[in-house]
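Dock chain V against chain R, hints included.
Heads up: the sequence lines are chains R and V, in that order.
In this text, residue positions in the first sequence follow my numbering: the first is 1, and each later residue adds one.
In this text, residue positions in the second sequence follow my numbering: the first is 1001, and each later residue adds one.
If you're looking for bench data, these hints aren't it; they were derived computationally from the structure.
Idealized CB from N, CA, C, for every residue including glycine.
Listed below are the simulated DSSO-like cross-link pairs for lysine-lysine, each with C-alpha atoms no more than 30 Å apart in a straight line:
#1 V:1114 / V:1037
#2 R:87 / R:30
#3 R:30 / V:1006
#4 V:1088 / V:1073
#5 R:87 / R:25
#6 V:1006 / R:87
Selected chain V positions facing chain R (Cβ under 10 Å, derived; list incomplete):
#7 1002
#8 1016
#9 1020
#10 1031
#11 1119
Quick look at which bits of chain R chain V covers, simulated, 3 or more residues with Cβ under 8 Å:
#12 53-64
#13 120-128
#14 131-141
#15 146-154
Here is how the chains run, residue by residue.
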Amino acid sequence: MLKVNKLNSIVEPINSGKHDIRIIKTIVVKVVYGVALGLIYYIIYLQILPQLLARITQIPITIPLNKIIVYLGFFLALGIAESILRKYPISIPIKILSKMFGALILFAVLNGGILEGTIPLGTVIISSRINISPLLYTIILISLIYGFIDAFSYFAIGHEK
Amino acid sequence: MFIPLKIGVITIGTLIILALASPLVIFFTEIITNPEKSPQLRVEQIGYTEDHQHVVLRVELIYNGTVPLTDFKIILLGEELYFGIVKKGVYEKEVNVNFSDIRDLSKEIYMYFKIAGIYPMEIHVKGE
Chain R
1 MLKVNKLNSI
11 VEPINSGKHD
21 IRIIKTIVVK
31 VVYGVALGLI
41 YYIIYLQILP
51 QLLARITQIP
61 ITIPLNKIIV
71 YLGFFLALGI
81 AESILRKYPI
91 SIPIKILSKM
101 FGALILFAVL
111 NGGILEGTIP
121 LGTVIISSRI
131 NISPLLYTII
141 LISLIYGFID
151 AFSYFAIGHE
161 K
Chain V
1001 MFIPLKIGVI
1011 TIGTLIILAL
1021 ASPLVIFFTE
1031 IITNPEKSPQ
1041 LRVEQIGYTE
1051 DHQHVVLRVE
1061 LIYNGTVPLT
1071 DFKIILLGEE
1081 LYFGIVKKGV
1091 YEKEVNVNFS
1101 DIRDLSKEIY
1111 MYFKIAGIYP
1121 MEIHVKGE
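Bound-form chain R, shown alone (with noise of 0.2 Å):
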């Protein structure tokens, strides 16, 4: 009797179509997820650390927008498929580069830490430059720490079989 409860259960909603609009809206969630995901990295590591950090030295720093484009391309992709294979041993490798590409782009966007400015004063021309890579290095450090541990929770959670 169980058994064929359970068959029902199983066989209804795939022939009165229900189990595909489950299956859609949930990937169509993961994906809306993923994407929030991917601005969450967007936002951390190319508009508030940068411009946290160009604030405080005073010293302006411009992303050209094609490479901007870019970038967001790629946080996007990561955090969908993060999204999407969160329940899979594979978003443990997704994770990590996640954090990784994050942490890679800053140090791009920041030229390695060094940063140049010039100031003209009339005739005289003032131009300075700042090495900021030991709070680069740690910022760097700190996010590749919490990304293995974010991966690593993999096994802390539910797997789909």
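What follows is chain V alone, placed relative to chain R:
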């Protein structure tokens, strides 16, 4: 297990970043809000060498900021003046320069120091 670990890493990481960034934040906030707190140079001619071949200049470094600056050096007319650790106060050095070089004094001044011994900074002033 992983959630407390994540919160722990974020908390400790944020504290480390704040501690590391604080000298940078304080230094730049001070010099932006009060430019007198940035390292300043005052150069004056105080005499001549005994053989009257060179001019003796007194270079005063005035610093009113709260963040210590280390490895402080200035290159003026090709002469390197090393001040080492600079805290709030006035530091003096004397340098002998050629008569002919005096007019180039404001042409190029180079300053190098490390903010709190962590962040190397260079300032290059070029005039006409």
